[in-house]
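Chemist: Could you fit the two chains together into a complex? Lean on the hints.
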Amino acid sequence: MSGLFEELHRKLESDTGKRGISAWDLAQLPAGQRRVIRLILREVQMAYPELCRATAALPAEQRLEQGELDEVLTRLQEKAWLIRLGQEELTTYRVNLRRKSGSRLASSIWERLGRQIDARKPATRQQE
Amino acid sequence: MSRIISIHSFRGGTGKSNISANLAALLAIEGRRVGVVDTDIQSPGLHVLFGLDEKQMKLTLNEYLRGECAIEEVAYTLGNGAKHAPGRGKLFDRDIWVIPSSINAGEISAILRHGYDVNRLNEGLQRVRKQLALDYLIIDTHPGLNDETLLSIAFSDVLIVVLRLDQQDFQGTAVAVDIARSLDVPELMLVVNQALSRYDFQQVQQQVTETYNAPVAAVLPLTEDLVELQSSDIFALRSPEHPWSIALRHIATRLLESA
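Chains V and F are the protein sequences, given in the same order. Position 51 of the first sequence, counted from 1, bears residue number 51 in this note's numbering, the numbering being contiguous throughout. Position 238 of the second sequence, counted from 1, bears residue number 366 in this note's numbering, the numbering being contiguous throughout.
Read the hints as simulated data drawn from the structure, not as lab findings. Treat the hints with care, since some could be wrong.
[What the hints assert, rightly or not] Which residues of chain V face chain F? A partial, calculated answer using Cβ under 7 Å:
1) 22
2) 26
3) 99
4) 100
5) 103
6) 108
7) 113
Just so you know, even glycine gets a beta-carbon here, dropped at the ideal spot from N, CA and C.
In isolation and in its complexed conformation, chain F is listed as follows (with noise of 0.2 Å):
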């Protein structure tokens, strides 16, 4: 049975498009079937990673929403294209779907203008999942609390909530955590990104699973590596033996092993 992964962050700027990326190859690499998707429809940004351009994204998620297409036509494989990067490369034969939001900005504009139906965003994900027979659907949601992001978290199986060691993050972070629970989220992680080298790792994700009351899957090191990169390519492919890379596959594997 596939299971729906929300990906989310009370702010924005955690890393949350980049750690959703990651983590949907770590798991088509591990040989698995799946969809990511991005639901930020008002700052989309996913599709970079995965190295879509507006002329290669003909119909996006915005067009399905509009009634203009099927969700299966805005699933975009990689293809022989991906093989120009050292990291997307290995994605190229993998079953991996990604399905991106437009950076049109009359296509942005007009969903912000006339709003859209979200039965149909429900009907196109559950969709998606399953024609494809996806064993993972990965959402990277809009960061702070909105409706879409509220549904996809209410039909998730997994929630991961991204945050930072910033007393703002803190804040929100409680509000994302409370919300989950309300909604009775089966599975709630917290994922710590962007934490200095010089912080004891252990100690912060002890200190985060107490603050919260959940479990911290990762503690992610802040890495110039992963910055100068500048989401040109799959950061956990390219680099697999960097410490970020080895503690986003933890998750990958706690992913799996719960499955």
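For reference, chain V alone in the conformation it holds in the complex (with noise of 0.2 Å):
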């Protein structure tokens, strides 16, 4: 039963893993949405006017215009790479970046690892 469990709570782990980004798909954006993803990330969330701020004080090669930003903005949430909390000026961004799927071995490999690894524990506090 349980093996039927881990199998249903990958596969649903899995499914919603699609949802966020990956750093792979963040190398396939086009610049302007990878620029503003990155900016984000080093600041874990960014209300706009913030954004707004950091994106013109680039460098001139890489700066985006108030609608450019916006644009980028509805792209990345359209694909729900791109959280957005809150309304008007309290609006805030925060990137998802998607889960790291757990292993696809069978469960019963891991199961009998770690009872391997569980018996092991009494013998190494008696050599400590």
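Modeler: What follows is the structure in structure tokens.
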């Protein structure tokens, strides 16, 4: 039964994970979108006015006008790679990173490994 | 403003953790506030260089990723225990924090089995950078290319790719450099490690620079002295006049100057 549960949990986790952005996705993004993601990643979350200031302060060749920034934010939200929190001036954005998925090895292998690790613990303590 | 430096190699065994620890130590000796984190969760080793053992590391990055503690709780200072090692001893009153990954087999297998929330990893690293007011956060990555490694590269200010003069390293490094460029890392530098002493280091530096069209920050010699130490101390502080240490100091100086 636990095997079936684990299998379903893994599938759910894998499907849910697809909603976040992976570093591989990030490498494929258009430059403007990647720049915005990078800015937010370093701050964890950013309010809209902060984002406007940060993108306006970029070197001239990387700078985003407000319209371009709005377009980027819309595109990233459509893919659920950016999460919008709050309304109007209080709006903040967070990057939705894809969860690191667990192993696809059969659960019985992990259970056996876990039992062996547990069995070794008392012996280790005695040695100490 | 603090800088994030990822230290990476495409293949294992290049001396990446040794370089991470020594570079962190050299920056701390210069009076900077430095954090160094082991994101090589599958095969951690950074803690050894700082003399941390399983008893001292009651909590690690693994427990933080599982939501069992705050990131600040897994940032260890070296304290008086460091005084016993001639190199590390110089760090006991310096502002350096080590964030280790667990060496407990059960903890490693739990992460491999269940995965983890990458958002939490990013939040932790950014939080510790701000809470500890770090000048530098050095990230010792897992070799090769995986999600967490690419993530740390993606938000870094500087990426240092370590390679040896080996055909397998050459090909892998080309991949790592390509990925770094596609992730817009502002500053990329290469470090050649374990170069044979009979080589002309200037020529090596020039050839590697031309091959990857990226600057080579240093060519570090293969040295038995470092191997003999068996990661039991910080070599650059223990033997500061050794050619390996002098070459590494050039990288630290470069980082300090470009800040």
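Chemist: Take the hints in turn and mark each one as holding or not.
Modeler: Cross-check of the supplied hints:
no. : hint : result
1   : 22   : holds, 6 Å
2   : 26   : holds, 6 Å
3   : 99   : holds, 6 Å
4   : 100  : holds, 4 Å
5   : 103  : holds, 5 Å
6   : 108  : violated, 12 Å
7   : 113  : holds, 6 Å
In summary, the one numbered hint that this structure violates is 6.
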